[in-house]
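*Asks:* Chain by chain, the residues:
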Amino acid sequence: MADTFNFELVSPERLLVSAEAVSVVIPGSEGEMTVLPQHAPVMTTLRPGIVSVELSTGEKQDFVVFGGFADILPTGCTLLAEAAFAVNDLDRDEFARRVEAARADREKASGDEEVMKLDEYLNQLTTLQGAILPA
Amino acid sequence: MPSLKDLRNRISSVKATQKITKAMQMVAAAKLRRAQEAAEAARPYSQRMGQVLANIADAVGEGDDSPRLMTGTGKSDVHLLVVCTAERGLCGGFNSQIVRLAREHTRKLLAEGKQVKILCVGKKGFDILRRDHRDRIIDRVDLREVKSVGFGDADAIARQVIELFNKGEFDVCTLFYSEFKSVISQIPTAQQLIPASAPAKTDDAVGDDKLGGAIYEYEPDAGSILSDLIPRNIAVQIFRALLENAASEQGARMSAMDNATRNAGEMIDKLTLSYNRQRQAQITKELIEIISGAEAL
Chain A
1 MADTFNFELV SPERLLVSAE AVSVVIPGSE GEMTVLPQHA PVMTTLRPGI VSVELSTGEK
61 QDFVVFGGFA DILPTGCTLL AEAAFAVNDL DRDEFARRVE AARADREKAS GDEEVMKLDE
121 YLNQLTTLQG AILPA
Chain B
1001 MPSLKDLRNR ISSVKATQKI TKAMQMVAAA KLRRAQEAAE AARPYSQRMG QVLANIADAV
1061 GEGDDSPRLM TGTGKSDVHL LVVCTAERGL CGGFNSQIVR LAREHTRKLL AEGKQVKILC
1121 VGKKGFDILR RDHRDRIIDR VDLREVKSVG FGDADAIARQ VIELFNKGEF DVCTLFYSEF
1181 KSVISQIPTA QQLIPASAPA KTDDAVGDDK LGGAIYEYEP DAGSILSDLI PRNIAVQIFR
1241 ALLENAASEQ GARMSAMDNA TRNAGEMIDK LTLSYNRQRQ AQITKELIEI ISGAEAL
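Sequence lines, in order, name chains A and B. When you line the first sequence up against the working numbering, it's residues 1 to 135, in that order. When you line the second sequence up against the working numbering, it's residues 1001 to 1297, in that order.
Treat the hints with caution; some may be incorrect.
[Stated by the list, open to error] Selected chain A positions facing chain B (Cβ under 7 Å, derived; list incomplete):
1. Pro12
2. Leu16
3. Thr45
4. Asp93
Simulated from the structure, these hints should not be mistaken for laboratory data. For each residue, glycine too, the CB sits at the ideal point set by N, CA and C.
Hey, can you work out the whole structure from these sequences and the hints?
*Replies:* Right, here's the structure in full:
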């Protein structure tokens, strides 16, 4: 049994990581999940959160993603993130801007379902902001 | 017959123009490289997106519950044309080629009795199109402030399009942009955005091989992932179009400026020749005057 799998993190602008990994923790929309080699094929959407990767070299990397989805196969795992940054590169202003944008969307939204969805998104976003960028 | 001084002025002004076009060509070459890199960097995302979308659309099938963005409204009465052009001119036939394609499309649709609405991305397309389709242009997106196109810009356009669709403003949406083939060839392209056609599965068999016929689990269910995915796919398509456009624009400008530089060079040669000829003629004339003056004595 293979003890590593191919992990890729892609944002629309570029390919952030493409490497052999031992395990990856993904902030799935239905809860966090850890992907290990030989995982059953799953496709899930992501909520804003932190992806932590343990590479086969033993190195650990953390990334912040803002939504997107994951395509998991026994041999690999691909994250298509709407936007992704390495945790250390994340800009406080950038984050604040996203929260602002989400708030503006929430104000404009009509229809219960949409409001609910945006509320949830906003909530996740602010939680994440509190967690990684303590004031 | 222009005087010597006129010719001299003319030569120096053409030389100045040549310097400018040469500089523009070099700037375009540098920008082209960057635009190409950006387009290349964005490719993995759209490829994977296509694969995933094909897989999932296959799983969901064409049912009544498939999202409307995919099935369309069932009509094709009102068409929305999203015309992406550059913000700047001086890039050869780049803008006019895209606009010409959009215009032909419009004419065809109007002849079929359809209604046409236009959304302009970029200033140049708007400037040309407003001459004869002013009342059809519903909005324009300005990217003049944007130095290099980011996904956010594409996302904003996609949102606008989807919002219009949800309001029932149009039935079919087509995207116009220029595909970058090489520096000397950019192909104006029309691509249907809505209703979205799922990319063919045969496009890239790699995904299938890896999958080995296994069945995906979906979290949440396949339907809601699909309805989340399709708007995002539209944004990705627009993003890709914008990047292709950016590369095409610089490519077109580079070859246009290369031509201009060469033309200026030829013009300088010709002008220099007639300048020298005239100078010689004048010298000869003066000599003759002196000689005949001396003979008369």
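*Asks:* All hints are to be evaluated individually against the structure, with a verdict given for each.
*Replies:* Against the structure, the hints:
1. Taking 7 Å as the C-beta contact cut-off toward chain B, the hint placing Pro12/A at the interface holds, the least distance being around 4 Å.
2. A hinted interface residue such as Leu16/A counts as satisfied when its beta carbon comes closer than 7 Å to some beta carbon of chain B; here the least separation is about 10 Å, so the hint is violated.
3. Annotation: Thr45/A was flagged as interfacial toward chain B, and the flag holds, the nearest CB pair being 6 Å apart, inside 7 Å.
4. Taking 7 Å as the C-beta contact cut-off toward chain B, the hint placing Asp93/A at the interface is violated, the least distance being around 14 Å.
Checked against the numbered hints given earlier, this structure breaks hints 2, 4; the rest are met.
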